[in-house]
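Participant: Okay, here's what each chain looks like letter by letter:
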Amino acid sequence: MSLLNEIAEFWMDGTIRAVEAFGQGYGSPATDPPATTPYRVVYESGLLRLRHYEAPERRFKTPLLIVYALIKRPFILDLLPGKSVVESLVQRGFDVYLTDWLPPAREDSWRGFDAYVNGDIADAVRVLQIQNGVERVNLLGYCLGALLSLIYSALHPANVRGLITLTVPFDMSVRDLPFYNLVDFITDDVIELVTRIYGNCPAWMINGGFNLMAPVHHALDKYVGRYRNGRRDGYAEMFELFERWMRSDIPLAGQLYREMHQLIFRRNALKRGELRVAGQPVDLRRITCPLLNVVAEQDDVVHPRSSLGLLEHVGSTDKRNITFPTGHIGAVVSAGAISKLWPQVGRWLAEHDQ
Amino acid sequence: MLGNQSFVLDRLSTFIETAWLDFPAEVTKALAGVSDDDQLQRVGWKVYDAWIGLANELTNTLYSDPLFGEVSGRVIETALRLRHLAGAAAAAFFGNFWPLIGLPTHRELVALRQELLALREELRSFAHLSDAHDRLASDSPSVVPLWKQTQTGYGPANGHPIRPPSRQGERNVAA
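Residue numbers (this note's numbering), protein chains in the order written: chain A, 1 to 354; chain B, 1 to 175.
If you're looking for bench data, these hints aren't it; they were derived computationally from the structure. Quick caveat, the model's predicted, so the values are computed rather than measured.
Label-pair ranges, simulated between beta-carbon atoms:
#: 1; chain 1: A; residue 1: D176; chain 2: B; residue 2: W20; range: 31 to 37 Å
#: 2; chain 1: B; residue 1: G33; chain 2: A; residue 2: D176; range: 46 to 52 Å
#: 3; chain 1: A; residue 1: G279; chain 2: B; residue 2: A90; range: 37 to 43 Å
Sample of chain A residues lacking proximity to chain B, with all beta carbon distances greater than 10 Å (derived):
#: 4; residue: N5
#: 5; residue: R17
#: 6; residue: A18
#: 7; residue: G25
#: 8; residue: R58
#: 9; residue: R92
#: 10; residue: R126
#: 11; residue: I130
#: 12; residue: G199
#: 13; residue: E237
#: 14; residue: E240
#: 15; residue: R244
#: 16; residue: R266
#: 17; residue: N321
#: 18; residue: I322
#: 19; residue: P325
For each residue, glycine too, the CB sits at the ideal point set by N, CA and C.
Let the sequences and hints guide you as you build the complete structure.
Facilitator: Here it is as structure tokens:
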């Protein structure tokens, strides 16, 4: 009986919090938990707040800019001591900068690839160049952030020393994840209607999409998991933080939502070399810097096959894939990733520093 | 589609095996006293895991079904069209008909609210100013606000009587 009571309690808590999050409009900087690694905001413009995590003992000259995905808050990269990608890199002596994307308002619905890549990311790179007195910076993009980093590197190759793409949604013709079959039935009319009604793709729609990717897990199994692992050290705290992150969705700017759906998901324009940003073709062969493509083997958000083919399309000679046995989010929070994958990424960055 | 069906069959057979064979056998053993509770619990979780696996596979099969995709796409589109239509109708009603019968529009209410907030802010700053004057007067008795000087018999500098600031209007605003 205690088993059923406890699971019911976890389920009820989760449901109440989901309803509260819906009422509050999901994620915003105000809903973030306290940061694990200290930082200061060094630049703010448009919808970008640039955080700087200074290394206590800086050992490498080239600063690293982490381009986070646009659809949830970035605290997943700095979740808890010992479970933080940022902390792991900073402790290795890298000066890390992180893009904290602010939620777009209705009047920001015009923002597309051009505004984010040629505007915000280009500004952030400029800040790194000025603050560190360097010509080129390292870029690390996560998920949608990896896509933006890839486009930036193709449009501004002279500014990038090394590029790391983590779980990048590159080849969108891959339909190995059943949920993506539904994307084919979402017509351009639907996208136009969403942007006409809401301006941007609302946070609740993004949250709903994530829940639909694994409905059984989100409706029941995660609460049962919470019960089964309740006695594991730190599990409850991790579960709460993770759930908080799952509800931290922010809207996706209308134009970017349109471009993502029509050009990336439906036409696979980046892989086919047909993507243009501000009239300029995004030619991946212009990327000649060293490239590390990190793929999560059990990724259920971006299928590994969607990321693996990237290497064939870039102009770099120094390029490699790392596949790691973890999921999409496990790649940045799991104990295995923090202890094995990120030291490997750190070594790669160190080797390519000079 | 055939691949999906075979996955579903695999999951289904695992579920049947654990739920209808392993679990009853374990319950019988526990009742007979030849097995402990831990073992029974382990088999119980096995049944649960098999059921979750089957549910996940059924979801995947559903998502892979073009008919489900088609219907979902249509339902979403229809819901959005209705939402758009309702929004347009509400805008037309409240934007045109509403003012016609003399009721304020949403924009007017918002403007009124903003005006009220601004007046409250103004009132608050007046109250702060007045408090500051009072504090100053009590801290240093030699400095007396001008309007108090007139009350205590000191003459105004410019030859005109100075009255204490009226609070009547402020009360009206607050009300």
